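There are 2 protein chains.
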Amino acid sequence: MMNTTSNNVVWHEHIVTPSDLEALHQHKGLTIWFTGLSASGKSTLANALAAELHQRKVSTFVLDGDNIRHGLNKDLGFSPKDREENIRRIGEVAKLFTAAGIVNMTAFISPYASDRLMARNLQPERFAEVFCDASLDVCEQRDPKGMYKKARAGLIKQFTGLDAPYEPPPNPEIHLRTDRQSIDECIKIVIDWLEEHGIISSLPQQRKEMAMAL
Amino acid sequence: MMNTTSNNVVWHEHIVTPSDLEALHQHKGLTIWFTGLSASGKSTLANALAAELHQRKVSTFVLDGDNIRHGLNKDLGFSPKDREENIRRIGEVAKLFTAAGIVNMTAFISPYASDRLMARNLQPERFAEVFCDASLDVCEQRDPKGMYKKARAGLIKQFTGLDAPYEPPPNPEIHLRTDRQSIDECIKIVIDWLEEHGIISSLPQQRKEMAMAL
Numbered sequence: 031m032m033n034t035t036s037n038n039v040v041w042h043e044h045i046v047t048p049s050d051l052e053a054l055h056q057h058k059g060l061t062i063w064f065t066g067l068s069a070s071g072k073s074t075l076a077n078a079l080a081a082e083l084h085q086r087k088v089s090t091f092v093l094d095g096d097n098i099r100h101g102l103n104k105d106l107g108f109s110p111k112d113r114e115e116n117i118r119r120i121g122e123v124a125k126l127f128t129a130a131g132i133v134n135m136t137a138f139i140s141p142y143a144s145d146r147l148m149a150r151n152l153q154p155e156r157f158a159e160v161f162c163d164a165s166l167d168v169c170e171q172r173d174p175k176g177m178y179k180k181a182r183a184g185l186i187k188q189f190t191g192l193d194a195p196y197e198p199p200p201n202p203e204i205h206l207r208t209d210r211q212s213i214d215e216c217i218k219i220v221i222d223w224l225e226e227h228g229i230i231s232s233l234p235q236q237r238k239e240m241a242m243a244l
Numbered sequence: 031m032m033n034t035t036s037n038n039v040v041w042h043e044h045i046v047t048p049s050d051l052e053a054l055h056q057h058k059g060l061t062i063w064f065t066g067l068s069a070s071g072k073s074t075l076a077n078a079l080a081a082e083l084h085q086r087k088v089s090t091f092v093l094d095g096d097n098i099r100h101g102l103n104k105d106l107g108f109s110p111k112d113r114e115e116n117i118r119r120i121g122e123v124a125k126l127f128t129a130a131g132i133v134n135m136t137a138f139i140s141p142y143a144s145d146r147l148m149a150r151n152l153q154p155e156r157f158a159e160v161f162c163d164a165s166l167d168v169c170e171q172r173d174p175k176g177m178y179k180k181a182r183a184g185l186i187k188q189f190t191g192l193d194a195p196y197e198p199p200p201n202p203e204i205h206l207r208t209d210r211q212s213i214d215e216c217i218k219i220v221i222d223w224l225e226e227h228g229i230i231s232s233l234p235q236q237r238k239e240m241a242m243a244l
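These protein sequence lines are chains A and B, in that order.
If you read the first sequence in the working numbering, its first letter stands for residue 31, the second for the next number, and so on.
If you read the second sequence in the working numbering, its first letter stands for residue 31, the second for the next number, and so on.
Be a bit skeptical, because a hint or two may be false.
Since copy identity is lost for identical chains, a pair holds within one copy or between any two.
Straight-line alpha carbon distances no greater than 25 Å define the calculated SDA-like cross-link-like pairs of lysine to any residue that follow [stated by the list, open to error]:
#1 Lys187 <-> Gly107
#2 Lys87 <-> Ser49
#3 Lys104 <-> Glu155
#4 Lys104 <-> Pro200
#5 Lys104 <-> Glu115
#6 Lys218 <-> His44
#7 Lys111 <-> Asn97
#8 Lys218 <-> Asp50
#9 Lys104 <-> Leu147
#10 Lys104 <-> Pro154
#11 Lys111 <-> Ser165
#12 Lys104 <-> Arg150
#13 Lys218 <-> Thr47
#14 Lys87 <-> Ser232
#15 Lys187 <-> Pro199
#16 Lys175 <-> Leu147
#17 Lys104 <-> Met148
Just so you know, these hints were derived from the structure itself, not from any lab.
No experiment lies behind these values; they were computed from the predicted model shown.
This is chain A alone, in the form it adopts within the complex:
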C-alpha cells in the first residue's frame, strides 16, 4: 500500500528537472520567437532551422498556425482580445517546451510589441526574438497564400501591414533581412548565435560523443 510519507520522499528524490532533460538532450532548451509580416519567411525559416538542428541531433519542435490555430487556440478569433490570448497561450506552451529541454520555434506574425514582451517575460533567460524583416512590397509580391490579394480586395479585414499595424522589434536578439539574405545565410546566423550563447554545442553531437569516448 502506498504510504504518503514515503511517497513524498520518493517524489522529491525522483523529480526530473529541466536541467536533467537538457543533460539527456545534450543542449539547452530555448524559445526562438520568429516575428514578422505575413510572407516574411517565419515558417520557412523556423522549419529550415529545425531541420538543420535535427541533423545536429538537437530535439526541436515548431509551433505554428498549423498545429496551434486548429488545436489549442481553435476557440479564438481575431479580435484584439483574442489575438492577445492567442500569443499568451503560445508563450506559455513555448515555456513548457523549454522546460522539457527542447529548442522550440514559434512562427506567428505576433505584430504587437507588448504581446511579444509578455511572452518573453514568461522565460526571459530562454527567449530569443528573431525579426524576419522584409518590406511590405516584397511580402506582398511573394504572397504565397494569396492573403494580401484577398486583403486588398477587402475580403480580409485588419490584415497586418495593410489596415492593422506591425510593430517591429526595437531590440531583437537576431535581425534577419529576409528580403536580401538567403535561407542558408539566415540559418547560419541563427546557428552561430545558438553556438555563441551556449544553447547548442559548436561540435556536431556525434563528433562530441566520439571525442568524449577517446
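Knowing the structure of chain A, use the given hints to seat chain B on it.
Relative to the frame of chain A, chain B by itself:
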C-alpha cells in the same frame, strides 16, 4: 534574396516530422493520462515514472497543476465550463508533446469520462489512460495537502469524491490499485505496458547502443 518558389521546396524537403523526432529519441511519443481522486497518487506516479524513464534515456515531460494551472490555464476557474476547457487545453498540449516525440504524463483528477474521451480523441493512437484507483477512505486518510479536511469543513465546494462526482474509467489501458500496490509495483506495470506496446525499447538504451556497436 529568398525566393518563394524555392522556399516552398526547401520547406517541404526539410520539415522535421514526428517520426524523425521519434527516431532521434529512439522511442515513440505517447500521452500517459493519469486520472483518479485527489491523493490517489497521480502526481507521485507520473513523476516516479518520468524518473524511471529518464534513467532509460527516454525524453519525458510531466504536465500537472504546478505548471498548467499557474501558467497556460491561469485564466480558468472551476465552473463546469472552465473545467472542461482546462482538460481540453491539457489534451491539446499533450498532443503537441506527443508530436515532439516525447513520452508525456498528465496528472489531473479529470473526473468526467466525456472530458477524458475528448482528450483521447485528439490522438487516439497515442493515448494511454492510467486509472489511479484508491478508495475515497484511503485518499481522505492520506490527504497530504489537507484538501479533504477543508472540503469537509465546507471551505472548498464541488470537491471531487465528496460533493462532485468522479466517473471511473470503464476501460483504461492500465488500472492501478494505488491503495494496495507499491509505487515500484505500479511503475513496473506501466513500464511493462510501454515495452509491450513498443513505445520504449525493452533494452535500456545504452545497452541497445552497445549491442548495435558490437
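Consistency of the hints with the structure:
1. Only within a single protomer do Lys187 and Gly107 lie at most 25 Å apart by alpha-carbon distance; the minimum there is 13 Å, versus 33 Å between protomers.
2. In this assembly of identical chains, the alpha carbons of Lys87 and Ser49 lie at most 25 Å apart whether taken from the same copy (18 Å) or from different copies (14 Å).
3. Taking identical chains as interchangeable, the C-alpha atoms of Lys104 and Glu155 lie at most 25 Å apart only when they sit on different chains, with a minimum of 22 Å there against 29 Å within one chain.
4. In the homo-oligomer, the alpha carbons of Lys104 and Pro200 never lie at most 25 Å apart, since the shortest distance is 31 Å inside one protomer and 30 Å across protomers.
5. For a Cα distance limit of 25 Å, the shortest separation of Lys104 from Glu115 qualifies both inside one copy, at 12 Å, and across copies, at 12 Å.
6. When the C-alpha separation of Lys218 and His44 is checked against a cutoff of 25 Å, the pair qualifies only between copies, where the shortest distance is 15 Å, while the shortest distance within a copy is 39 Å.
7. In this homomeric assembly, Lys111 and Asn97 come within 25 Å of each other (Cα to Cα) both inside a single copy, at 21 Å, and across copies, at 24 Å.
8. Taking the shortest Cα distances, Lys218 and Asp50 sit within 25 Å of each other only across copies (22 Å), while inside one copy they are farther apart (28 Å).
9. Proximity of Lys104 to Leu147 under the C-alpha cut-off of 25 Å is found in both arrangements, the shortest distances being 23 Å within a copy and 18 Å between copies.
10. Proximity of Lys104 and Pro154 under a CA criterion of 25 Å is satisfied inter-copy only: 19 Å between copies versus 27 Å inside one chain copy.
11. Taking the closest pair of Cα atoms, Lys111 and Ser165 never come within 25 Å of each other, the shortest separation being 27 Å inside a single copy and 44 Å across copies.
12. In this assembly of identical chains, the alpha carbons of Lys104 and Arg150 lie at most 25 Å apart whether taken from the same copy (23 Å) or from different copies (17 Å).
13. For the homomeric pair Lys218 and Thr47, the shortest alpha-carbon distance between copies (22 Å) is at most 25 Å, but the shortest distance inside one copy (31 Å) is not.
14. In the homo-oligomer, the alpha carbons of Lys87 and Ser232 lie at most 25 Å apart both inside one protomer (12 Å) and across protomers (23 Å), since each shortest distance falls under that limit.
15. For a Cα distance limit of 25 Å, the shortest separation of Lys187 from Pro199 inside one copy, 23 Å, qualifies, whereas the shortest one across copies, 46 Å, does not.
16. Taking the closest pair of Cα atoms, Lys175 and Leu147 never come within 25 Å of each other, the shortest separation being 29 Å inside a single copy and 35 Å across copies.
17. In this assembly of identical chains, the alpha carbons of Lys104 and Met148 lie at most 25 Å apart whether taken from the same copy (21 Å) or from different copies (14 Å).
Hints 4, 11 and 16 from the list above are not met by this structure, while the remaining hints are.
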